[in-house]
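Undergrad: Below are the chains, spelled out letter by letter.
Protein chains: 2
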Amino acid sequence: MALDYPNFSFDIHHRDEKSGARLGTLKTPHGAIETPNYIFCGTKAAIKALSPAQMIEAKTDIILANTYHLMLQPGADLIEKMGGLHKFMGWNGPMLTDSGGFQVFSLGEGTMANEIKGKSTGKNENRNLMKITEEGCVFKSYVDGSTIKLTPESSMEIQRKLGADLLMQFDECTPYHVDKDYTARSMEMSIRWGDRCLVEFERHDNGAQGLYGIIQGGVYSDLRRISAEATKDRPFFGTAVGGCLGGSEEEMETVVAESLPYAHPDRPVHFLGIGQMKDVFKFVRYGVDTFDCVIPTRLARHGTALMKGQKGETINLKNAKYREDETPLDEENGVSASTDYSKAYIHHLLRAGEILGMQILAQHNVATINRLMREVRASIKAGTLDQLEKEWLDL
Amino acid sequence: MALDYPNFSFDIHHRDEKSGARLGTLKTPHGAIETPNYIFCGTKAAIKALSPAQMIEAKTDIILANTYHLMLQPGADLIEKMGGLHKFMGWNGPMLTDSGGFQVFSLGEGTMANEIKGKSTGKNENRNLMKITEEGCVFKSYVDGSTIKLTPESSMEIQRKLGADLLMQFDECTPYHVDKDYTARSMEMSIRWGDRCLVEFERHDNGAQGLYGIIQGGVYSDLRRISAEATKDRPFFGTAVGGCLGGSEEEMETVVAESLPYAHPDRPVHFLGIGQMKDVFKFVRYGVDTFDCVIPTRLARHGTALMKGQKGETINLKNAKYREDETPLDEENGVSASTDYSKAYIHHLLRAGEILGMQILAQHNVATINRLMREVRASIKAGTLDQLEKEWLDL
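Protein sequence lines correspond, in order, to chains A and F. First residue of the first sequence: 0, per numbering that gives the first Met the number 0; consecutive thereafter. First residue of the second sequence: 0, per numbering that gives the first Met the number 0; consecutive thereafter.
Source of the hints: derived by calculation from the structure; they are not laboratory data. All values derive from a computational prediction rather than experimental measurement. One or more of the hints may lead you astray.
[What the hints assert, rightly or not] Simulated crosslink set (DSSO-like; lysine-lysine; CA at most 30 Å straight-line):
#: 1; chain 1: A; residue 1: Lys317; chain 2: F; residue 2: Lys160
#: 2; chain 1: A; residue 1: Lys317; chain 2: F; residue 2: Lys86
#: 3; chain 1: F; residue 1: Lys139; chain 2: A; residue 2: Lys317
#: 4; chain 1: F; residue 1: Lys380; chain 2: A; residue 2: Lys80
#: 5; chain 1: A; residue 1: Lys86; chain 2: F; residue 2: Lys139
#: 6; chain 1: A; residue 1: Lys160; chain 2: F; residue 2: Lys342
#: 7; chain 1: A; residue 1: Lys58; chain 2: A; residue 2: Lys160
#: 8; chain 1: A; residue 1: Lys317; chain 2: F; residue 2: Lys307
#: 9; chain 1: F; residue 1: Lys58; chain 2: A; residue 2: Lys342
#: 10; chain 1: A; residue 1: Lys342; chain 2: F; residue 2: Lys310
#: 11; chain 1: F; residue 1: Lys380; chain 2: F; residue 2: Lys281
#: 12; chain 1: F; residue 1: Lys139; chain 2: F; residue 2: Lys80
Next comes chain A alone, as it looks inside the complex (with noise of 0.2 Å):
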């Protein structure tokens, strides 16, 4: 295939012989990131609660988008009509679109995000996929109720019209509680549906796009290995690792570290969905460039402010022991969020129920993540990871 992807480079600067991280610099059309680096949630084409010059002012290099929700709300032919989503936004930086299989396969909002961790208990029903099939699935749409199918095509269609710089292939997201036999299957499947979309990719591509392909498999060692390998032979930009996660974070690692050793070793590989601090800290050491997840945000909806050198990684601002606490969040973290204003007062507007709370919270844990990764960067480059991750951890 003559997928060369022109305007796009990986360029992996500094192994960290010690700690196996590596440093790298990611280019796309629409800037470049140094990895490791984490790339937050716009869920449906908003970061929530920030503005894009809120992201900006927490320093964040990059962003993503689902393309489950803004295929069914807004749809991608509006994006598209009003210019792509960077446009529609106000993101002018790298982007990154999924592609749309996460959320069709996860069993409800939310739970997927406990399958990944395995801690489904595989009695959820999940009532609004209808069928998966080798050509792909069909599931209800959560938005007008109407029967919408998804393929590799028509998801690489619709990351085309949505025009992030970064694209996810469409592949199946399997549950922790299925057999290896089905595993496998799907596993096999993905690949496939990996196929179709390079080949649907490349009759667009104008060199704008980028695309993943996903590492699967489940729980399993040789079904990871070949997924991977499989992944490494097909002309993908980047490497993405999904699915299952395993029960424990033990099974985490062992998932990932007999993953990437087979996987291409000079693109850049992404962990779906992951990213704790101790998650970020365990797996650069595996190669892993970029971490996404919803945390950040998601936390601060529930007052919750991650926190450098903080035992659990967060603290609860609604707790009682704030209430007269005048001190900021984190004098470090160089963002109006972490700095201007008292816990006391986050604490007062939590309890008032003032949206201003969660606004601040959101910045202030946006920030701690890309403080994180600068400093992550920065210890790898001097050899110091093992010191960082004691100090942000509290270990």
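Starting from the structure of chain A, add chain F where the hints point.
TA: Positioned in the frame of chain A, the structure of chain F alone reads:
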């Protein structure tokens, strides 16, 4: 009395003989504002959905906070301990607090706004207000159900602790449906409460705050005149027009027209709780210097944008006709919320339930009102207020 407000001044530097409007400069320890101007409601020590920085970006000069809400949560003692409202909420400009009376006497949240505008049927009962006596009033806290007494003295004490620049005397805000006898007795009591406020205010006066008297008297011209003259004769820094303003726009205008000629001619005049665009144009002609109203941010939460040159002053961005509208809200407001997003994008955000939609509209609405006030001031100077009114209200 020795109240001379050495750190405050109000200088009327232009009177437009044709329209009756005036231009002034109101100086406070936290800076000066040009009048006519608009005071935005930061009810619970926060502008709904906007940070202080975003308010400044929208060219805001002055805000207010509500004593009633803050005395209940987080409490005046806490705010004093945290250094006062300015420091607590990060607003370094001029600020006003009301007396707490308005909300105590209101018939549940939101209904007093109808009372002011004469829309009440008289059928509602204020379940939280337990007793009004010469001493003050007793009510139940909506936060924890506890019984709370508010008097002229405690209102002054609380407002002193909150630490705003401009304070309001404690008064009874009489509803529309009460008769003239009740209104007269209430108005006389508010005068006595005003005297008690002045005594209490002076006891602690350190030059940091300026006290407004409030003209009451319901819809009765003779009572309004008595109240206005009593307020003029007392050493208040400013004059506020409060209470029920009639059952129709004409009645509201008559009330103001028959109050302000008897008010102190050199003091700043604030119109409590009134602030549609048409009100601004109408009442600056009677010498009103400042307005306040929750509508800029409340409308935003309902998907509504204040617009220059729009019949009815507003458009509702939820309307399907904005689905593909690529134009921004207003190129001339000089703030990102008005210029950087298409109506189609805001429509999408509102449809998708994204908080960012209301944040954008809140900043746009505040910026629109601030621009209105700048243009009103310029037109008073130029003698073109009539023409500006036609432009803004599409007459």
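Undergrad: Now tell me, hint by hint, if it's right for this structure.
TA: Status of the hints after comparison with the structure:
With a CA separation close to 24 Å, the supplied pair lysine 317 (chain A) and lysine 160 (chain F) stays within the 30 Å bound. Distance check on the hinted pair: lysine 317 (chain A) and lysine 86 (chain F) sit about 20 Å apart at the alpha-carbon level, within 30 Å; holds. For the hint linking lysine 139 (chain F) to lysine 317 (chain A), the alpha-carbon distance of about 24 Å falls within 30 Å, and the restraint holds. Annotation: proposed proximity of lysine 380 (chain F) to lysine 80 (chain A) is violated, straight-line Cα distance about 46 Å (limit 30 Å).
Straight-line distance between C-alpha atoms of lysine 86 (chain A) and lysine 139 (chain F) comes to about 51 Å, which puts the hinted pair past the 30 Å bound. For the given pair, lysine 160 (chain A) sits about 20 Å from lysine 342 (chain F) by alpha-carbon distance, which is consistent with the 30 Å threshold. For the proposed pair lysine 58 (chain A) and lysine 160 (chain A), the alpha carbon gap of about 27 Å is at most 30 Å, so the pair holds. A C-alpha spacing of about 41 Å is found between lysine 317 (chain A) and lysine 307 (chain F), which places the hinted pair above 30 Å, so the restraint is violated.
At roughly 27 Å between alpha-carbon atoms, lysine 58 (chain F) and lysine 342 (chain A) fall within 30 Å of each other, so this suggested pair holds. Between the alpha carbons of lysine 342 (chain A) and lysine 310 (chain F) the distance comes to roughly 44 Å, so the proposed pair goes past 30 Å and is violated. For the hint pairing lysine 380 (chain F) with lysine 281 (chain F), the CA-to-CA distance comes to about 16 Å; that is within 30 Å, so the pair holds. Between the alpha carbons of lysine 139 (chain F) and lysine 80 (chain F) the distance comes to roughly 25 Å, so the proposed pair stays at or under 30 Å and holds.
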